[in-house]
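Colleague: Now for the letters of each chain:
Number of protein chains: 2
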Amino acid sequence: MNSAAFLTDFHHVATIGATANNGVDRQAATAEDALTREWFAAWVQDAGWELRVDGIGNMFGLLEWVPGAPHIIIGSHLDSQPLGGRFDGAYGVIAALHAARRLDAEVAEGAELPQFNLAVVNWFNEEGGRFAPSIMGSSVYAGLLDREKMLAVGDLQGTTVREALAGIGYLGTAEAPDAAGYAEIHIEQGRILEREGINIGLVDSSWYTQKLDIEVLGEQSHTGATAMADRHDALVAASKIILMVHDVTKDFADEAIVSSVGQLTLEPNSPIVVARRVHLVADLRSGDPDIVKAARAKLLKDIDVLAREHDIKVNVKDFDIRPIRRFPEAGLELADKVAANLGLSARRIQTMAGHDSVAMNTVAPSVMLFIPSVDGVSHCEREFTTDADMVAGVDMLTGIARELVAGALAETPAPSAAALA
Amino acid sequence: MNSAAFLTDFHHVATIGATANNGVDRQAATAEDALTREWFAAWVQDAGWELRVDGIGNMFGLLEWVPGAPHIIIGSHLDSQPLGGRFDGAYGVIAALHAARRLDAEVAEGAELPQFNLAVVNWFNEEGGRFAPSIMGSSVYAGLLDREKMLAVGDLQGTTVREALAGIGYLGTAEAPDAAGYAEIHIEQGRILEREGINIGLVDSSWYTQKLDIEVLGEQSHTGATAMADRHDALVAASKIILMVHDVTKDFADEAIVSSVGQLTLEPNSPIVVARRVHLVADLRSGDPDIVKAARAKLLKDIDVLAREHDIKVNVKDFDIRPIRRFPEAGLELADKVAANLGLSARRIQTMAGHDSVAMNTVAPSVMLFIPSVDGVSHCEREFTTDADMVAGVDMLTGIARELVAGALAETPAPSAAALA
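If you're matching them up, the sequences are chains B and S in order.
So in the working numbering the end of the first sequence lands on 421, straight run, no missing numbers.
So in the working numbering the end of the second sequence lands on 1421, straight run, no missing numbers.
Looking at chain B on its own, in the form it has when it is part of the complex (with noise of 0.2 Å):
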């Protein structure tokens, strides 16, 4: 592979939309967004390739090898959190279009025709730091969300992502085109893979993780001249919740569960009025289910009693609830083969992440692959992976393109949906 192609690009995507700490801010159908979106879009078309843009903003870069014959889709997404990191998706993308870049060289250079075509995919809004839920764009491609209602969300000013979309001028028609197989490489967010040593991750299953939307009414009143005692401050109420959600982890063995509360908006928010309300929102995740199911109910026990003792109302609902999905074994297998002969090292992980790949493992068996992060942070500025590691993920990615293309996924069904629900 043309290791300095790769990584001109991806150093080139990283100062799209950069930031003052060598991060990035490109949120879902921004104007910062939109720049990523014309650099993939002037490369698809560029490298020959038929550009589509479905009707929630996911971009597809199609190969046509077999007139006709299904897809096998690559690729991850370009939007960040706000201070995001420059790897986190933007990486698994240009991976991806340097891996069908190279295919589509060996096809051209006479190598056998594959079974299946090859696309590379820019999935909408993965991230959903500006639109909840996150994982947006693949979930609507596989049929996981809705699409019209997906297109009514609205962000905190109140802009949808309708409205978004169309205003980048993403709001697409085309037909997205169906997967015989998916692929997607990303750096791993955590730090196993780089305490061992190791150069690839196979990820065999995700974790189990839920939302609870929270939402503590309180009264509003004057913060010098009502008494303490009068109060029923909706502020204190919703303190002491986001402490019981981060607490909640101590029941547990270490590192079984993570938990915290990310989003909060307070009402009137004004510094001399006792809130009315806040809303927040609580994100549990785990290895187990029967973990979470627990944490969430604790949770939902001590917040009834602390209701009753601030004499407020807290209303909890469950959103986003995303089973534990496993990856085909058959995909792993593969995965570790083609590791073996690229002489790259390679490790079975789970992700306590959610991927574009979780919910496209529903409709097609999937391949989900993670090379190292440093020190294993991300979704901020300093989050860092290395040149080697990248380019050794792009040789991999190739590889299991090449392999998935050619049919070796071929006979094996997708897990449903319904199945693992």
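These are calculated hints, taken from the structure and not from any lab test.
Check each hint, because a few of them may be wrong.
One-sided excerpt, in silico: chain B residues whose CB lies under 8 Å from chain S [claimed, not checked]:
#1 L217
#2 Q220
#3 S221
#4 D233
#5 I242
#6 V258
#7 N269
#8 H379
#9 C380
Rough simulated footprint, nothing fancy, chain B against chain S, three-plus residues with beta-carbon under 8 Å [as the list claims (entries may be wrong)]:
#10 1212-1226
#11 1271-1285
It should be emphasised that the depicted structure is a prediction, and the values quoted were computed from it without experimental measurement.
Heads up, the beta-carbon is just placed ideally off N, CA and C, and yes, glycines get one too.
Fit chain S to the supplied structure of chain B, relying on the hints for placement.
Modeller: Below, chain S alone, put in the same frame as chain B:
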């Protein structure tokens, strides 16, 4: 007095920016604030008085009986908290308009010419919900805040006071009248008058208050993929600070101090990102400055320990420190006499909340009056005072204004800002 005309005006103004639950939402320099300003301007002009708007948006209606003489100023503010009550501020402005019209009629009917002229004021941004600090217009008038600095203050959307006032057409250029004295009537926002069945509160002093601007700096990371032990969650630390601010009151006698956090912003505010920064404002108030100082010292110490425990940076800045202000004894004695003549019961009272009169009292001898608040609640939609209590208050304010224009406090010096700071 024509109490029907007063009540008609009061209940009409309550429809401007009215909310679903009988409150109003008229934050400073919004479209709703502009509507009450237009109502005030029209009323003043219909009465045949001179209308002036000064360079910080304060509106004055001037009655000129004695050419060139200074003015006694009476009034309050028409802006409200978000989802605020319809009595706070608006009552005092409308009561002042009617008191002034009554005295104007008395002069027209041949009453002895007073020593001073009279002006009715609608102060800009008493509430401070949109633009901090509160009590902005009267503090600029009194020289306690700098006009240019206040015009540059931004709201959470980045709109400045200058832009907002110019946008609604109320960034004036007129000179404000000189004040020979000041009187204001307001709802109590507490339970004392209601509990004791007393008509009028005579405010003898204000509480000591201060705010703390607190910035919590953690590290942004992925809520799913970051181990609990590796996190520096700014929202978890901020939640502990919010509870510290609430609980510090328990170290002191019941009702000796109130404290709260009413404003908080979170970055990046994404459901799947551990927060990197939380900015919050704490408000501490007591009748005894030493209690606020002791509470502040305890908070700073506890926050320092917390920051080290969480390996997080916390920046704390003091701002908006307001010393205890005493209203002149001569004004209190005058008010006692006026109440007795009207057959109204009265008692001396402290104010926990800030008022425009507290700023005005530093430049002119001031009289601050309260009428009862049902249940003591304010800054919320269910704030309530009866028509009968409001009408009695208009009589009281009229009596005070009649004495002030006649020179009752002409020899009383105003407490200087410096002496009390």
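Colleague: Compare the structure with each hint and give your call.
Modeller: Going down the list of hints, with the structure as the test:
Of the supplied interface hints, the one on B/L217 is violated, with its beta-carbon coming no nearer than about 13 Å to a beta-carbon of chain S, more than 8 Å. Of the supplied interface hints, the one on B/Q220 holds, with its beta-carbon coming within about 4 Å of a beta-carbon of chain S, less than 8 Å. Against a cut-off of 8 Å between C-beta atoms, the interface hint on B/S221 holds, since the closest Cβ of chain S lies about 5 Å away. For the restraint placing B/D233 at the interface with chain S, the shortest Cβ-Cβ distance is roughly 6 Å, inside the 8 Å limit, so the hint holds.
At about 4 Å, the closest approach between the beta carbon of B/I242 and any beta carbon in chain S falls short of 8 Å, and the interface hint on this residue holds. Nearest Cβ of chain S to the Cβ of B/V258: about 6 Å, under the 8 Å cut. The hint holds. At a threshold of 8 Å, the smallest CB-CB gap from B/N269 to chain S is about 5 Å, leaving the interface hint in force. Against a cut-off of 8 Å between C-beta atoms, the interface hint on B/H379 holds, since the closest Cβ of chain S lies about 4 Å away.
Hint on B/C380 holds. Least Cβ distance to chain S is approximately 4 Å, under the 8 Å limit. Counting residues of the region 1212-1226 of chain S whose C-beta lies closer than 8 Å to any C-beta of chain B gives 8; at least three are required, and the coverage claim holds. Taking a C-beta to C-beta cut-off of 8 Å, the region 1271-1285 of chain S contributes 9 residues in contact with chain B, enough for the three needed, and the coverage statement holds.
Hint compliance for this structure: hint 1 is the single one not met.
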